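Undergrad: Spelled out from the first residue to the last, the chains are:
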Amino acid sequence: MFDFKVAEEPRKEAPSGGLYDYIIIGAGPAGLSSAIYAARDGMKVLVLEKEVVGGLAATTELIENYPGFPEGIAGEELMERMRKQAERFGTEIVEFDEVTKVEPVKKGLIRVHTAEGETYEGKVVLLATGSQPKHLGIPGEEEFYGRGVSYCATCDGPLYKGKRVVVIGCGNSGLQEGQNLLNYASEVTFIEFLDHSPAEKILQERVMNHPKATCYFNSQVVEIKGDEKVTAVVFKDRATGELKEIPADGVFIYVGYKPDTEFVKDLVELNRWGYIKTDEKMRTKVEGVLAAGDVRADNLAQVTVAVSDGCKAAMTTREYLAELKSEA
Amino acid sequence: MALLNDEIRGQVAEMLAGLPNKVKLVTFTQPENCPYCDLIVELMQEVAGTSPQVTSEVYDFTVHKDKVAEYKIDKAPATAIVGAKDYGMRFFGIPANYEFGTLLHGIQLAGHGHALELDEATKGFLASLEKPVHIQVFVTPTCPYCPRAATLAFEMATASDLVRADVIEAQEFMELSNAYNVMGVPLNVINDKERVEGAAPAYMIVEAIKKSI
Ligand SMILES: Cc1cc2nc3c(=O)[nH]c(=O)nc-3n(C[C@H](O)[C@H](O)[C@H](O)COP(=O)(O)OP(=O)(O)OC[C@H]3O[C@@H](n4cnc5c(N)ncnc54)[C@H](O)[C@@H]3O)c2cc1C
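Chains Y and C, in that order, are what the protein sequence lines are. Heads up: the first sequence is residues 1 to 328, going by our numbering. Heads up: the second sequence is residues 1 to 213, going by our numbering.
In case anyone wonders, no lab produced these hints; they're calculated from the structure. It cannot be assumed that every hint is accurate.
Below are the DSSO-like pairs computed for lysine-lysine, each with C-alpha atoms no more than 27 Å apart in a straight line [what the hints assert, rightly or not]:
| id | chain 1 | residue 1 | chain 2 | residue 2 |
| --- | --- | --- | --- | --- |
| 1 | Y | K163 | C | K75 |
| 2 | C | K210 | Y | K50 |
| 3 | C | K193 | Y | K225 |
| 4 | Y | K50 | C | K123 |
Negatives, chain C to chain Y, calculated, CB over 10 Å [what the hints assert, rightly or not]:
| id | residue |
| --- | --- |
| 5 | T55 |
| 6 | E57 |
| 7 | D74 |
| 8 | H112 |
| 9 | S160 |
| 10 | L176 |
| 11 | E194 |
Since we're looking at a predicted model, the values are computed, not measured. Positions of the beta carbon are idealized from the N, C-alpha and C atoms, including for glycine.
From just these sequences and the hints, can you work out the full model?
TA: In structure tokens form, the structure reads like this:
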């Protein structure tokens, strides 16, 4: 049930500074895979991360479809391994510093500004900022965040032992994390807007037939109620318009993701949902600025895809650096 | 069966080799309502077994009142991580999974006797404290962000004699967790007043400390 392992000590040395070959924004699978390729190739690489290394992938209990791990692997462990691999080749990583602006100065020089007031300079910049869980924007959601409303079942699931929880959203994420909640909670109620679950069949079978699970489809959650903490969820049957209220101690929200691209919306070209458009080489419309992973338009939100994008971006960077050198 | 396999034992030994000061792991168990007490004792003994600088002592919370008072323990299971002096680092519950790293970090701090990762501004602020500060960090073993919050609290405790840092495994202290409405982790509670949700950077904890005093 428990395990004991030694995580790498967080690196706290200040970054070496100077002109980087490659600055990567976001330390999820896309950013780290790109760092592994680039650093191993001898580039001077900096990764800037606003929170902690790992990205969304680190918040999932078990990843079962990433090749090479027949038993599956904990998201955090996979990401810790990617981090070690990147650092082994000399990648510098800064955590807890959010990039607020990317400023192309001239060919071969891009400045990256952060919330802590730092400025870094690189020849190429990769936007690998992934996405954030979407909020529903319904009454009670903000108010009870941390008091029953959660976006991370892996983190908070154990607090709901023997309690009643509601999972909003029956897509892959909702069902996968709901499966984890079924280990703790006494009842798990799934509420889905569509009239069916868009999730993988294997997840549907595991979750929907579970004796502790109840599912409502074609239903829209309209309010999360509570006093000190969450007490109930109110939803509307979309066919009949009837309102139902079910008692709940916790509400886990998995209603999709939105890209983290606010800070570059005036720089690169976005599609109507805010995802970054690139060509097949991961190049945006701005010279020297690339994008990879979940943040890229028309991409599949999967670790394998993010990792593949990261590799391509590193290759493009290598080509571009060679071009800069030949022009100099 | 040993809790730590050979590989992990080797890594722990390497991390704890050459600590300048001796470290005592003072564990308090209780005979009832403690499903993990045996595990915790075994874990502390195995960790102590990796380094000549680290020792483990075990007391019964319901019996050894003098020790309970000496280490200001108000609930069990608890482990005080004590170096050349008592810096005020406590772990309540089992430091398993991600939290095992928090325990090791605490031992390193106690063994060095000074903060290892705090920036100058935070150290300066802590040095200027005049009143006691009690930081409680609620965690779960499966929460990837929790060790950040927990080790930061331990760093602060090491940096100032006025700071006491309790890391609490929320599932084992459900009543307390309910009393504080812990519905998400990590949760920092400062001087029983200020709440900071999530793994916050040091300056946010400093702000919350300022507000609380
Ligand atoms: C619950 C859940 C379960 C999942 N299960 C699976 C699965 O089983 N298999 C699978 O293949 N995929 C799964 N996924 C999807 C997978 O996690 C993502 O596809 C993958 O993490 C995308 O990687 P990324 O590097 O593009 O972005 P992310 O992992 O989102 O990483 C982006 C990083 O950028 C950082 N960032 C954002 N903005 C800034 C900024 N301005 N400055 C600095 N840093 C910034 C973020 O903090 C984040 O760490 C799951 C996702 C979730 C949420």
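Undergrad: Indicate, hint by hint, whether the structure satisfies it.
TA: Now for the hints, and whether the structure bears them out:
1. Y:K163 x C:K75: Within the cut-off at roughly 24 Å; holds.
2. C:K210 x Y:K50: Given pair K210 (chain C), K50 (chain Y) holds - Cα atoms ~24 Å apart, limit 27 Å.
3. C:K193 x Y:K225: holds (24 Å)
4. Y:K50 x C:K123: Cα-Cα ~23 Å, so holds.
5. T55: holds (19 Å)
6. E57: Check passes; 20 Å lies beyond 10 Å.
7. D74: holds (21 Å)
8. H112: holds (13 Å)
9. S160: holds (19 Å)
10. L176: holds (12 Å)
11. E194: holds (13 Å)
Hint compliance for this structure: every hint is met.
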